[in-house]
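A.B. asks: Residue-level listing of the chains:
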Amino acid sequence: DTAVSQTPKYLVTQMGNDKSIKCEQNLGHDTMYWYKQDSKKFLKIMFSYNNKELIINETVPNRFSPKSPDKAHLNLHINSLELGDSAVYFCASSANSGISPLHFGNGTRLTVT
Amino acid sequence: DAKTTQPNSMESNEEEPVHLPCNHSTISGTDYIHWYRQLPSQGPEYVIHGLTSNVNNRMASLAIAEDRKSSTLILHRATLRDAAVYYCILRLGSSNTGKLIFGQGTTLQVKP
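Protein sequence lines correspond, in order, to chains A and B. Each residue of the first sequence is one higher than the last, beginning at 1 in the working numbering. Each residue of the second sequence is one higher than the last, beginning at 114 in the working numbering.
Chain B on its own, in the form it takes in the complex (with noise of 0.2 Å):
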């Protein structure tokens, strides 16, 4: 399965967005890139999920390079409750398994 690559941690200001990046630089072209977050003494959560074009959900925005070979996700008003960490994850479209790989992820703090 493809890695990603996340920065260990990020700090925001609450009621700013912010801008999670993910470098996956070996993706394949039937890789689909999810995020999912997990919250403290909580299971993990998924986040929004895309293929190519730019998503987007109530929770949050998947902004995915021309090339895949990076995504971003964005939340666009950070509140106190998205302090999290966030896993940005590659998953084979014609997999039958449907197995997550978690990386270590990205904590994000999120300030008053």
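In isolation and in its complexed conformation, chain A is listed as follows (with noise of 0.2 Å):
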């Protein structure tokens, strides 16, 4: 059983493209986060919504979108795709947004052509 679960694994695109990142977690957590990894492997976070509402929006281009269903999952949806946004994005859950640890999906490597 997967705790926290990413699709697709892999994704590649040209530039200008519209993506989705689908993201689900079978912890029961009430925080979910989206990271990103660049190619220099510094990882840094990006979104973050607790019970569904968006609690960290760290300077993200408006050209990138989260949304959360429900409590279980939290989409990324990426507008305008850009040769900058080639990374690898993870998903993350956390009991609460306190000091819980957080659970990491494996990544889903984009990479824009």
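Everything labelled a hint here was simulated from the structure, so no lab data went into it. Beta carbons: idealized from backbone N, C-alpha and C, even for Gly. The reader is advised that the hints may include incorrect statements.
[To be verified] Partial pick of chain B residues on the chain A-facing surface, computed with a CB cut under 7 Å:
| # | residue |
| --- | --- |
| 1 | Tyr145 |
| 2 | Gln155 |
| 3 | Gly156 |
| 4 | Pro157 |
| 5 | Tyr159 |
| 6 | Arg204 |
| 7 | Lys212 |
| 8 | Phe215 |
Combine the two chains into a complex, taking the hints into account.
C.D. replies: Structural data, given as structure tokens:
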């Protein structure tokens, strides 16, 4: 049973396209996150949702829009993809937004050509 | 958020203990010390966390200095599967965001 699952695992697309990455957690957690890991391997938070409400938006371009239909899902939609969006995107969840450990998915490698 | 400093890389021999240091001289009284690791081609994985006292779990031990300005993650017997990037992260205990701020981490190589 995968605790935090992301789909797709790999995504190759052309500049200007719109794409979505889906994330689901079966841990019953209240808080979900999206992180981006760039080519230099730095991990940076993008968004956080707590009980379907946005609590963190770390100056991410408007082309990125997270959507949380329910507590168990946090999807990431990206409009007008650019070369610089190429990265590995990780979804994560935690029991609450305090100090509970984060559980990460295995990532979605996005390549924009 | 308070910063941490870790060595870029470390090497260890298989089945020997590994001590991964972390400096956090600007830690505040409500910051928890968290450790995560990232194995190749995987997402980060929680290892351990603590506030003031040393902590043990099935994966590792965390030794926290008395002044809390440094800590050490201890892997008691390194295996090849422990080769990963290890991140030392401070989390504000009273934070309502839960976010983790990752630094560059320490890349641990384990030699057979």
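A.B. asks: Would you settle whether the hint for B:Arg204 is holds or violated, based on the nearest Cβ-Cβ distance to chain A being less than 7 Å?
C.D. replies: holds, 5 Å
A.B. asks: Take the shortest C-beta to C-beta distance between B:Tyr159 and chain A; is it under 7 Å?
C.D. replies: This interface hint holds because 4 Å falls under the 7 Å limit.
A.B. asks: Close enough to count: is the Cβ of B:Tyr145 nearer than 7 Å to one in chain A?
C.D. replies: holds, 5 Å
A.B. asks: Is the interface hint satisfied for B:Phe215? The criterion is a beta-carbon contact with chain A at less than 7 Å.
C.D. replies: Result: holds, 4 Å to nearest chain A Cβ.
A.B. asks: Would the hint on B:Pro157 be counted as holding, given a Cβ-Cβ threshold of 7 Å to chain A?
C.D. replies: Hint on B:Pro157: holds, closest Cβ of chain A at ~5 Å, below 7 Å.
A.B. asks: Holds or violated: is there a CB of chain A closer than 7 Å to the CB of B:Gly156?
C.D. replies: holds, 3 Å
A.B. asks: Hold the hint about B:Gln155 up to the distance rule: shortest CB distance to chain A must be less than 7 Å.
C.D. replies: Nearest chain A Cβ about 6 Å off; hint holds.
A.B. asks: Using the nearest Cβ pair, does B:Lys212 come within less than 7 Å of chain A?
C.D. replies: Cβ of B:Lys212 sits 5 Å from chain A, so the hint holds.
This entry satisfies every hint, going by the numbered hints stated previously.
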